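Engineer: Quick note, the sequences are listed as chains A and B, same order. Position one of the first sequence corresponds to residue 1 (my numbering), numbered consecutively onward. Position one of the second sequence corresponds to residue 1 (my numbering), numbered consecutively onward.
By construction, these hints were calculated from the structure, which means they are not laboratory data. Just so we're clear, the structure is a prediction, and the values are computed from it rather than from any experiment. Incorrect hints may have been included.
[Stated by the list, open to error] With a Cα cut of at most 16 Å, we get these calculated EDC-like pairs of lysine to aspartate or glutamate:
#1 A:K82 x B:E96
#2 B:K82 x A:E96
#3 B:K19 x B:D228
There are 2 protein chains.
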Amino acid sequence: MIGRKLVERLARDGELAGKRITALHAVDMFAPQPPPAPFPISTDVFDIAAGYVATKLIAGRPDAIFLLASVVSGEAEADFEKGYSINLDGTRMIFEAIRHEQSRHRDYRPRVVFTSSIAVFGAPFPEAIPDEFVNAPLTSYGTQKTICELLLSDYSRRGFFDGLAIRLPTICVRPGLPNKAASGFFSGIIREPLNGQEAVLPVSETVRHWHASPRAAIGFLLHAAALDLDKVGPRRAITLPGVSATVGEQIEALRRAAGDSAVKLIQRRPDPVIERIVAGWPTNFDASRAKALGFAAETDFDEIVRVYLEDEHVPHRP
Amino acid sequence: MIGRKLVERLARDGELAGKRITALHAVDMFAPQPPPAPFPISTDVFDIAAGYVATKLIAGRPDAIFLLASVVSGEAEADFEKGYSINLDGTRMIFEAIRHEQSRHRDYRPRVVFTSSIAVFGAPFPEAIPDEFVNAPLTSYGTQKTICELLLSDYSRRGFFDGLAIRLPTICVRPGLPNKAASGFFSGIIREPLNGQEAVLPVSETVRHWHASPRAAIGFLLHAAALDLDKVGPRRAITLPGVSATVGEQIEALRRAAGDSAVKLIQRRPDPVIERIVAGWPTNFDASRAKALGFAAETDFDEIVRVYLEDEHVPHRP
């Protein structure tokens with residue numbers, strides 16, 4: 001979803017980091033459907049865990065590389081080998097391919113933007129997690145993301161590329177159909193009622209979490225691609241700004257946007273499994289470092305709802 | 001040095017973690033010279049970066065595994081590929097071999113003690129670095145050690161083995177000949193004068209660092225092998241206690257142990273390269289977590305000097 005929206009935005013802008021885009025190569029596990037664009041877009045279907053892929057991807061020496069590929073948290077927990085293979089080795093092979101390409105072309109030093117996750121942190125947490133908080137993930141997914149952050153910082157320090165790892169908040173409101181992710185309800189309880197559908201809420205209204213819209217996420221990626229990294233220094237992993245909101249606050253934002261009838265579509269159906277998973281997630285961050293570097297997200301959940309309505313052209317306004 | 005002393009101690013004790021030792025397998029890059037012991041000691045010369053080694057090492061299903069193998073900091077910085085190959089991939093292959101062995105023998109769950117390093121931390125530092133401080137290493141060596149810590153925590157959480165990563169202080173006073181490590185002078189300015197030799201001091205007396213004796217290091221390893229890891233929880237990387245001392249304080253401890261004549265053997269010869277390297281190193285830690293878990297080191301530098309004199313049977317007492 002983020003990859004598709006990023007390509008659409010680049011096609012619309014025609015430029016990145018103040019430079020005209022001359023070509024774009026979009027790679028996914030399923031054939032990407034590129035939008036019309038003022039530059040050629042090529043596509044490929046690759047599994048980045050395959051050994052031959054990384055060298056192929058880097059052979060054209062792209063100036064900017066966005067690494068969004070990932071096995072999600074639940075799958076990385078269920079399939080240990082697949083998670084490490086894609087989330088760690090797949091990323092590391094791309095880093096290595098860049099290093100090897102640079103050994104042949106000394107002036108090659110691309111910008112690498114890697115999407116990391118707040119799963120690099122594990123409980124117990126302080127009230128607001130600072131960037132200097134220990135990386136003690138409690139999932140294999142979080143471990144893999146943390147390791148990629150460390151590699152990215154080291155490869156950047158050594159001058160092999162100019163990397164930035166950005167820890168995205170949970171993206172909300174995700175467009176499209178409900179998915180099976182444990183975090184899916186955060187979007188579902190807003191999206192489904194706004195579209196006149198029932199939604200299931202499996203946790204209590206006191207659950208607090210950390211959100212940003214898809215539009216903010218694309219803004220993060222573009223800002224990360226353009227940022228002067230001298231200002232960032234050697235610590236190349238950054239927690240991005242977001243909105244810390246309880247489920248109750250989310251519901252009140254929905255009520256303000258779409259009235260009681262929308263809120264009535266939320267079915268409370270507590271699910272102990274999801275409650276337990278979500279209890280281990282961080283709830284709030286001190287993202288002052290990212291803010292000082294110019295990263296911007298929504299400032300309250302009302303704005304997140306508004307962005308969804310605008311960007312997804314939702315017809316239903318109860 | 002630590003490996004040799006550990007084997008000597010195990011041979012003397014005949015037991016580990018309250019259990020009689022039935023066999024010991026010592027592996028190094030150079031043929032280990034095992035001491036007489038009340039149990040059989042086998043030895044092998046292997047490079048742990050070689051792909052076939054890890055499975056071989058684990059095939060005998062050892063109950064306790066001490067991972068001390070490492071390319072040192074300077075070499076990992078000078079040879080990027082060698083550092084990652086030995087310090088990261090070599091360790092990961094052993095973790096993987098244990099996981100595969102467990103998939104065939106479900107009750108196999110060995111204790112793994114991994115020697116990490118205070119290099120997992122990078123400047124800027126707080127006055128005393130707590131265990132919850134961010135892992136932002138500024139060397140490839142520190143990056144590799146941090147990644148191994150993360151893997152060890154995840155493999156332990158998943159139940160593949162019971163691991164503990166211990167961040168050793170700089171070991172001081174190292175016995176034997178001077179070496180080329182940037183940290184070598186910390187031992188040299190004590191060891192050489194105690195043996196009637198001149199020593200070179202390349203930094204100012206105000207430089208502060210974090211030390212423990214070889215005897216304390218062996219104590220750490222044995223304690224880590226015996227510790228109830230339920231008390232440790234999921235964060236399996238621990239900063240061990242040590243003595244935070246300035247070079248000036250080291251010299252005064254030498255004076256108290258061996259008099260002015262010994263101190264006069266220290267030649268002040270400032271080396272800007274070593275000064276710059278050492279300036280990036282941490283100076284002090286809050287090791288309260290390790291202390292609460294029963295890890296114990298020396299409490300002042302006088303004790304570190306005394307331990308050297310006792311354990312190395314130094315004849316020279318000026």
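Engineer: Failing hints, ascending?
Structural biologist: When the structure is compared with the hints, none of them turns out to be violated.
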